[in-house]
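So the protein lines, in turn, are chains A and B. Heads up: the first sequence is residues 0 to 353, going by numbering that gives the first Met the number 0. Heads up: the second sequence is residues 0 to 296, going by numbering that gives the first Met the number 0.
Simulated from the structure, these hints should not be mistaken for lab results. No experiment lies behind these values; they were computed from the predicted model shown. The hints are all genuine.
Computed footprint of chain B on chain A, listed as stretches where at least three residues anywhere in the stretch have a Cβ under 8 angstroms from a Cβ of chain B: (1) 63-76; (2) 88-100.
Restraint-style ranges between C-beta atoms, simulated for each label pair: (3) A:Glu29 / B:Leu116: 52 to 58 angstroms; (4) B:Phe190 / A:Asp194: 24 to 30 angstroms; (5) A:Pro89 / B:Pro120: 32 to 38 angstroms.
Positions of the beta carbon are idealized from the N, C-alpha and C atoms, including for glycine.
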Amino acid sequence: MLDIRGLSKRFGYGKGEVTALHEVSFSIAEGEFFTLLGPSGCGKTTLLRLIAGFIGPSGGSLVLDGKDIAAMPPNQRPVNTVFQSYALFPHMTVGQNVAFALEAQGRPKSEIDPAVEKMLTLVQLLHLKNRKSSELSGGQQQRVALARALVAKPRILLLDEPLSALDMKLRKDMQIELKRLQRETGLTFIFVTHDQEEALTMSDRIAVMSGGRVQQIATPRELYDRPANRFVAGFIGESNFLSGKATGGVVEVAGGRIALPDATDGAVTLMIRPEHVVLSANAPDALQLEATIAQLVFFGTDTHVHLTLSDGEKLVARVQNALHGGLSLNEGDRITISLPDKALRVVKDEEIAA
Amino acid sequence: MSGPEIWRRWALALPSVVVIMLFSILPLGVVLVYSFLTPGDFGNVKWIFSTEGWFSVLFERNIFDDTISLSDANLTILLRSVLLAIVTTMITLVFGLPTAWFIATRAPAQRNLWLFLITIPFWTNLLVRTIAVQEMIRSEGVFNRILLALGIIDAPIQMMFTDFAVLLGMTYVYLPLMVLPVYAAIEKFDFRLAEASYDLYASRFFCLRRVILPLIRPGVIAGSILVFVPALGAYVTPRIMGGGKSMMLGNLIDLQFGQGRNWPLGAALSIALTVLVLLALIWYTRLTSGRKENDHV
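Here chain A stands alone, though its shape is the one from the complex (with noise of 0.2 angstroms):
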């Protein structure tokens, strides 16, 4: 539904010119909730404002229901946006904010109120209809942000770091609360965050981005189980990295050996997640590798073990705690541990940057 094709973005010129974004190519499907996920300067707000429509891209088409969209204006794309700020109208009341898309599309006043009505009913905030904007809570702001972006039906729903502003208990629930709408209302939402774990829960896919580009494109799964390359296993998630060397499908790693096919000859880089690494030698087709444990750190549902292997490389393991007595470990106890064949991968060292 929007194809976004060799999109750039260069800001400045001369030599202060900056890349922002560079040639960005994909699609994203009808209904869908996509991320767009990365740390700041990543070039997804930019991006985000590209398909808005506040910035002109410096190449590459916006292609949405098969028209190019690119340079069209922000008023005429049917693609509204849900402020990191929210940018309510201060001198507005909820419903008067709610109620601008239409009136600014001059729809008439009998379509109109039945319509922001619905929305506020849908964002549970009818009560405070005549409230002013300026007198409600970051929470209660946020609903407002959103039936105000929903009222005119838009193709596309673009939310820019919309809960970064709201506590954590507040943007749990909000997490929730958007998934909610937007299976409710069946949009197509496109979502910005720095907050991989936001991400992870709320996205059908996610675009990882890094330094203008888009590492990975993936569903949650798939990027935490099987990240393209080191930024994207060292930004969703927890990751180990082990550096190692490879012959003829043969590892070699801090004094232990491991068969990966997928390594090619020479220096790699294998991760492993925390939760994968086993804490005896007894698990079939692992990498065994000796360790002493540096510390141990309860952190309620599971203790990290932080190790040190004998080439003085370290690691970390995540031991879920039982119910019934503790670890039978304990700081400077030396333990060989395994790392599963299945739970090892193979990470390119350099992010996609040509």
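Chain A is fixed; fit chain B onto it per the hints.
Frame of chain A; chain B shown alone:
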């Protein structure tokens, strides 16, 4: 707060209170008293109570049969003053708003330069500036010469000593007074709101009318008052640009204290002008405080 503390605060305010009493309230009192006296033969006043001065503000008595009629001359001038002040305010707003917008949307380092350029005319004497405008539009002035040379007109257009000339002069003189407060309001405006309105299908005009103007209204009202009040009592500009043909209240008052030798009428006119300004200020405070009430509904 303890007694001495209160006293100290009053002591601090005392110099300004004295200055205001001595140079503002007291002279106003004198003017008020004079407006109820009888004109002297060679100016000044005779200490005989009379309402003739106030009567003459709006009416005139036929010297042959004592019939009373409305004073056409005074009414015309009064009406012209109010109209010219209102139109000046509107024109400065129409030109000042885009100017202020332009300055407020420059890079912060550039804004000071533009503000500096806007305030330059303030440093020049009002008389000199007004005469400069006169030089542009008088019959042998710059505009007429250019138009004549280009063959667009055959004879010079008479622009001096018309309402147009007074308007032009006042617009020029008072424009910065509109630009500065409007600029201050636009500078505080959150441009993300304009972005949000474009996103929500607003045209430029819709955004201006529904988002920008309501939010910069305090600046627009302040600018309008700053222009309207001095424009209503303008003296130098209508004197030079309007001459005897396009007089305003300020000139009429001057006339009564000078050639007219009717100080009570001049005093009554002055008080009338002050009341007009006061009404404008009351209207202003009601507009702005009404807004605050709305904010807290």
